[in-house]
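Trainee: The primary structure of each chain is shown beneath.
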Amino acid sequence: MLTVNQLTCERDHRYLFEDLSFVVGAGELLQIEGGNGAGKTTLLRILGGLYTDFSGSVSWDLTSQPLYLGHKPGVKDLLSARENLTWLAGLQQAGIDVATVDQALAEVGLRGYEEVLCGAMSEGQRKRVNLARLYLLQAQAWILDEPFSAIDRQGVERLEARMQAHIDTGGVLIVISHQTLSRVTPMRCLRLGG
Amino acid sequence: MSLFVATIRRELLIAYRNPADLLNPLCFFVIVVSLFPLGIGPTPSMLQQIAPGVIWVAALLATLLSLELLFRTDYDDGSLEQMTFSDAPLLWLVLGKVFSHWLMTGLPLALLSPLLGLMLFLTPSGTEALLWSLLLGTPILSLLGSIGASLTVGLRKGGLLIAILILPLFVPVLILATSMVQTGIQGGDYTGHMLWLGVLLALSVGMAPLATSAGIRISVSH
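Chains as they are written, first to last, in my numbering: chain A, 4 to 197; chain B, 2 to 223.
A few of these clues could be false.
Below 20 Å or equal to it, Euclidean Cα-Cα: the simulated EDC-like pairs (lysine to aspartate or glutamate) are [stated by the list, open to error]:
| no. | chain 1 | residue 1 | chain 2 | residue 2 |
| --- | --- | --- | --- | --- |
| 1 | A | Lys75 | B | Asp77 |
| 2 | A | Lys75 | A | Asp148 |
| 3 | A | Lys75 | A | Glu126 |
| 4 | A | Lys75 | B | Asp78 |
| 5 | A | Lys75 | A | Glu36 |
| 6 | B | Lys158 | B | Asp77 |
What the simulated footprint calls covered on chain A by chain B, stretch by stretch (three residues with Cβ under 8 Å from a Cβ of chain B suffice, anywhere in the stretch; the number is not a length) [to be verified]:
| no. | segment |
| --- | --- |
| 7 | 42-56 |
| 8 | 75-84 |
| 9 | 89-96 |
Heads up, incomplete: computed chain B residues facing chain A, CB under 10 Å, no partners named [what the hints assert, rightly or not]:
| no. | residue |
| --- | --- |
| 10 | Ala7 |
| 11 | Ala16 |
| 12 | Tyr17 |
| 13 | Arg18 |
| 14 | Asn19 |
| 15 | Gly40 |
| 16 | Thr44 |
| 17 | Ser80 |
| 18 | Ser87 |
| 19 | Asp88 |
| 20 | Ala89 |
| 21 | Leu94 |
Source of the hints: derived by calculation from the structure; they are not laboratory data.
Note that CB positions come from ideal geometry on N, CA and C, so glycine has one too.
Could you build the full structure based on these sequences and the hints that come with them?
Mentor: Next up, the structure:
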């Protein structure tokens with residue numbers, strides 16, 4: 004589904020990666036590892052089409068736009084969890100009703116927080132609002148930048164279960180994480196930098 | 002299209018919960034215009050002569066002041082990145098954002114202007130021309146300004162850069178609008194001016210969102 008061919012990216016006179024080629028097929032998880040500044044996020048942004056200063060080719064074979072969860076949560080402090088999620092989900096898919104949105108919030112453990120402003124939430128809860136999109140939207144490919152940061156242990160387990168379900172149904176999953184995804188299989192790992 | 006409405010709803014909701022950002026340009030506008038009679042002296046003929054220029058320049062600067070914030074918070078919290086990932090064209094989102102910007106700055110400025118016109122001894126026909134010129138002109142300012150805002154959002158301290166990028170584009174609107182108000186004061190027919198402002202508005206509705214979308218993509222991809 005994703006074919007990357009001879010990808011080379013230079014930033015600040017330093018090669019982040021050179022001649023990187025790999026293929027990720029349906030039902031596969033690719034974990035990107037590497038130290039700080041190794042170029043993980045840059046690679047993810049290239050795969051998502053958000054960064055264009057590279058040579059080589061990236062081609063997706065998808066019927067729908069991949070779901071990209073970036074470093075920043077994309078959540079407005081002045082909007083409630085429900086309002087934020089409705090708008091974020093609306094970007095990808097029209098006509099999602101309130102009950103479905105609330106259901107997705109409940110899935111990430113935010114039942115009862117639907118009308119709380121995100122500015123009054125903890126970092127982890129704001130992250131969960133964004134992660135709720137994984138329960139709400141149909142996308143063949145997920146591109147996740149450190150989805151586990153600021154999430155508690157129970158939340159990590161639930162998220163891993165959701166990832167497993169996505170892979171089992173033939174989805175593609177590309178994820179940056181410093182954590183070993185022990186429960187998700189089959190997993191491949193791409194290590195950047197030394 | 003539904004996203005256009007959803008975006009406007011979202012913007013208005015955010016503004017409603019944080020009214021300070023909304024009031025800033027309006028206060029600026031009122032303060033600047035009301036200082037002129039104090040500084041120049043209360044001679045009606047003099048004030049009437051400078052009124053179109055003063056009110057329009059103040060409105061233009063007030064708009065410029067608010068433009069820096071147009072995409073700032075969306076950029077900082079990652080919403081802008083998500084917007085470029087939308088299945089719907091970015092164009093609708095941009096139009097929604099710019100339209101809500103106008104609803105919250107341009108429209109109140111225009112509605113306030115008759116009051117300020119009174120302060121500067123504008124004739125009734127001049128006030129009418131002023132109101133129409135602002136109603137037609139301020140959306141052009143919001144649309145053109147969004148181009149500058151989208152290009153500078155990735156930079157810290159982009160405020161001055163927006164001004165340098167955008168002011169040359171604002172000048173034709175300023176010239177046309179002030180001469181429209183002058184004609185109105187003299188009791189002349191300003192239909193021609195209005196049509197020209199309408200032309201500029203139609204042009205910028207068609208073109209500016211394209212440029213702004215491209216600008217957002219550039220800013221987000223760095």
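Trainee: Give a verdict on every hint.
Mentor: Hints versus structure:
1. A:Lys75 <-> B:Asp77: holds, 8 Å
2. A:Lys75 <-> A:Asp148: Since the Cα atoms of Lys75 of chain A and Asp148 of chain A sit roughly 9 Å apart, the hinted pair holds (cutoff 20 Å).
3. A:Lys75 <-> A:Glu126: holds, 11 Å
4. A:Lys75 <-> B:Asp78: holds, 6 Å
5. A:Lys75 <-> A:Glu36: Cα-Cα ~19 Å, so holds.
6. B:Lys158 <-> B:Asp77: Distance ~14 Å between Lys158 of chain B and Asp77 of chain B Cα, so the pair holds.
7. 42-56: holds (count 6)
8. 75-84: holds (count 8)
9. 89-96: Since three or more residues must qualify, the claim that chain B covers the segment 89-96 of chain A holds, with 7 doing so at under 8 Å.
10. Ala7: holds, 5 Å
11. Ala16: This hint holds: Ala16 of chain B lies near chain A, its Cβ roughly 9 Å from the closest one there, short of 10 Å.
12. Tyr17: holds, 9 Å
13. Arg18: Nearest chain A Cβ about 4 Å off; hint holds.
14. Asn19: For Asn19 of chain B, the interface hint holds, since the closest Cβ of chain A sits about 6 Å away, which is under 10 Å.
15. Gly40: Status violated, d = 38 Å.
16. Thr44: violated, 47 Å
17. Ser80: holds, 5 Å
18. Ser87: holds, 4 Å
19. Asp88: Since the shortest Cβ distance to chain A is 5 Å, the answer is holds.
20. Ala89: With a closest approach of 7 Å, the Ala89 of chain B hint holds.
21. Leu94: Holds - the Cβ of Leu94 of chain B comes within 10 Å of chain A, reaching about 8 Å at its closest.
The earlier numbered hints that this structure contradicts are 15, 16.
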